[in-house]
Amino acid sequence: MTTIDTGQVAASQAVAVPKTPHRRRKSDIVPALIFLGPFMALYAVFLIFPLFKGIYISFHDWELAGGYREWIGFFNYEDLWYDREFWRATGNTFRFVIMAVPAMTALSLVLALALRGQDRIRTILRPVFFSSSVFSVTVVTLVWGMVLSPDRGLVTPVFEAFGLEPINILGSLTWAMPALVIATLWWGIGLPMALFIAALGQIPSELYEAAELDYASRWRKFTAITIPGIRRTMLLVLVLQIVLQFQIFGQAQLMTNGGPAHTTETIVMYIYNTGFRDWQIGYATTIALALFVIMLFFSMLQLWIGGRGDTND
Amino acid sequence: MTNLGKRMALTAAALLVSTSFASATDIKFVRFFGDCQAEFGDVTDPADAYGECGIITALTNQFNAENTIGAHVNTQTVDWGAYYTQLTSSYSTGDIPDVAVMHASDLINYTDRDLVTPIGEELVAAGVDPDDWVEQARKNVTSDGEIYALPFDIHAVLMHVNLGLMEEAGLVNEDGTAKLPTSLDELISMGKTFKEKTGKYYLAMESQSTDVSSMRLFMSLVWQQGGDLISEDGKTATVDSPEGLKAAEFIKAMFDNDLLDPGLDYNGAEQAFLNGDAGMFINGTWVVNSYATQAENGAGLTDYAVYDLPTFFDKPAVFSNSHTWIIPKDDTRTPEEREAAIAFLAFLNENDYQWARTGHLPVRQSVIDSEEFQALPYRAGYAGTADAAHRLPPVKNERGIYLDIAAELSPMWQTDMSPEEAVSNANDTTQRILRRNR
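So the protein sequences, as listed, match chains G and R. Going by the numbering used here, the first sequence opens with residue 5, and the numbers climb by one from there. Going by the numbering used here, the second sequence opens with residue 436, and the numbers climb by one from there.
Do not rely on the hints blindly, as some may be mistaken.
Footprint (simulated), chain R over chain G, 3 or more residues, beta carbon under 8 Å [said to hold, decoys possible]:
{"no.": "1", "stretch": "198 to 206"}
{"no.": "2", "stretch": "251 to 263"}
Covered, in the sense of this in silico footprint (three residues per stretch, anywhere, with C-beta under 8 Å from a C-beta of chain G), are these stretches of chain R [to be verified]:
{"no.": "3", "stretch": "514 to 526"}
{"no.": "4", "stretch": "828 to 837"}
What follows is a list of derived Cβ distance ranges for each label pair [said to hold, decoys possible]:
{"no.": "5", "chain 1": "R", "residue 1": "472", "chain 2": "G", "residue 2": "86", "range": "47 to 53 Å"}
{"no.": "6", "chain 1": "G", "residue 1": "85", "chain 2": "R", "residue 2": "873", "range": "21 to 27 Å"}
{"no.": "7", "chain 1": "R", "residue 1": "472", "chain 2": "G", "residue 2": "222", "range": "33 to 39 Å"}
{"no.": "8", "chain 1": "G", "residue 1": "86", "chain 2": "R", "residue 2": "627", "range": "42 to 48 Å"}
Don't read these hints as lab results, they were simulated from the structure. These figures come from a predicted structure and were not determined experimentally. From the three backbone atoms N, C-alpha and C, an ideal C-beta is built for every residue, glycine too.
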């Protein structure tokens, strides 16, 4: 059977109720495998295998170097449950996520609303706002370290203008975490903004025109047309941000090193310290799996909340 | 075709020649101490360099220029915060260095896992005399009677002093040395006098949990009372002992009495001292030469002095460690490379005096006895440090203990945590690390 035949058969069967589902499935398998194969191979090697290897390692006392491995069953999991430092790091990470994710989503939406359209200024500003995303975390933290330095930082004159003594923001219990959030917003706003701009462009302009004929206010148009129109993108952005921000590491490691007094030590930092500083890859992997479960739970929760209205469509 | 073939053969030959030159004697050398190629990259006489980075760079250059076995040391500097992670990971990636710097406190992590092999015999064959090493230095690199590393220094915590400000505050002895406190009460009362007279902070110390200065002071204070932070066998944490609590109360009192700025990180504390904004700076031997040079070159600090860490409790004791050089185990290393690495270590041992110029204590008795060392400035001020130098009982993951203790202590001044709670937390985290050690 030639490929053209396959296509015709598939197409005709797609319209009518397939009479011979058996034959169709068989003939589709080869091209499907060819298209999916490379992805599946990479997925298996870089995601499925490491996941199961990670689960395997987590049942061991497994050292970073030197080849020591010993099966210890669920000891790492038991240990994790009673690990004060793990819960502290989890609390810090939640604090960061709760600040960063809504702020990132709202800000990127505002930016997208302001920057959609075709005039010259907006066309120039869009890549400007996106450009910070291309920097590596090292550059971003260096820049923000300079901005926030109490001696010579950009914020110093601001404090002085208000007649205040400049504070060491990154050394402050109250402000260190918000500072990380701000640096992260500045760094990561580009992608969600681009997603929102694309989604806003998909909303049919007829809807807005119809609303205008009804003298709908701007707010009404925003809540009744724009928000429902980009709901799926909003969900995508939220899930992406949750997965991304739970894994915060570079900013905390480089800007505060978890300080002051552990208030910015995040889960991934704790994984890094356990695995690479204390040589305990087995336990570090256990923490990583816990993080995986947390992220999975919140992503699923988001998808579930976001998908609840879909049955009415 | 023939032309192309010829050219290819030539290129191949050239490549072969160059790689054979390179592979025979190239040594991969990793260290912290910073990168100062810009300033000292061309200096081949260590006498022309100053500071840790300058002197080790000049020593490396000198070895490359003068060795007769065709060895060439290629330096790779790693930021010290990431150093051990990178070194440990290199065993997995296979990109193992030929010579690496190692703190004595970290050595056991590698010897116990067979990642470093003994080099004593080879060092002796290369002209190194281990009997010349002072006892503690030799102890630092010896495990089960075998020498696993070349000790390069003993370093410890000192009290760096701005004599000019001390004079202003009237805290100077008749012989011109600074008057230092010998108890917590004295520290506080002198600190108050100092602040009244000069309007500046009496002390400076890195006080974020990012560096470990508070831990170094804390441990010194515990040892000064005759206590320790872990049991002799390395199995049990005793951070919350009465001595530990007393040491924590001491540190909290320093902050509560406003003797120092709690918001300074390492660089901030260093700048405060060098700008003349603080009377004394609790920091290590590693900066003596550097501060002296900067004081001469017109820093805000003009009259620099440095002393042993004062004994606040019963007996002198001060946190110390040791920089050593190891040859990480690597089965793919050629005998020529190993020989070159040993030669480099022997050369460094020979130049222990140059390294001691940084402010570190030398490890060779012959250097300590030498006239040139005796003539080094500032040494009289901290002559007692060598005998007071103290360490934890050797345990694996000591670095984690350092960092965790520093991090658990800092809430005492960053929040209102009580010393009892701080030492209890520090004890828990230390115990966690010890429990995992085999």
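Against the structure, the hints come out as follows:
Remark: the stretch 198 to 206 of chain G is not confirmed as covered by chain R, as 0 of its residues place a Cβ nearer than 8 Å to a Cβ of that chain, below the required three. Residues of the stretch 251 to 263 of chain G with a Cβ under 8 Å from some Cβ of chain R number 4, which satisfies the need for three, so the listed coverage holds. Residues of the stretch 514 to 526 of chain R lying with their CB closer than 8 Å to a CB of chain G number 6, which satisfies the three-residue condition for coverage. Only residues whose beta carbon comes within less than 8 Å of a beta carbon in chain G count, and the stretch 828 to 837 of chain R has 4; three or more means the coverage holds.
In this structure the hint that residue 472 of chain R and residue 86 of chain G lie 47 to 53 Å apart at CB holds, the actual value being about 49 Å. Separated by about 23 Å at the C-beta atoms, residue 85 of chain G and residue 873 of chain R satisfy the suggested range of 21 to 27 Å. Take residue 472 of chain R and residue 222 of chain G: their Cβ atoms lie about 60 Å apart, and the range 33 to 39 Å is violated. Judged by the Cβ atoms, the range 42 to 48 Å given for residue 86 of chain G and residue 627 of chain R holds: they are separated by roughly 45 Å.
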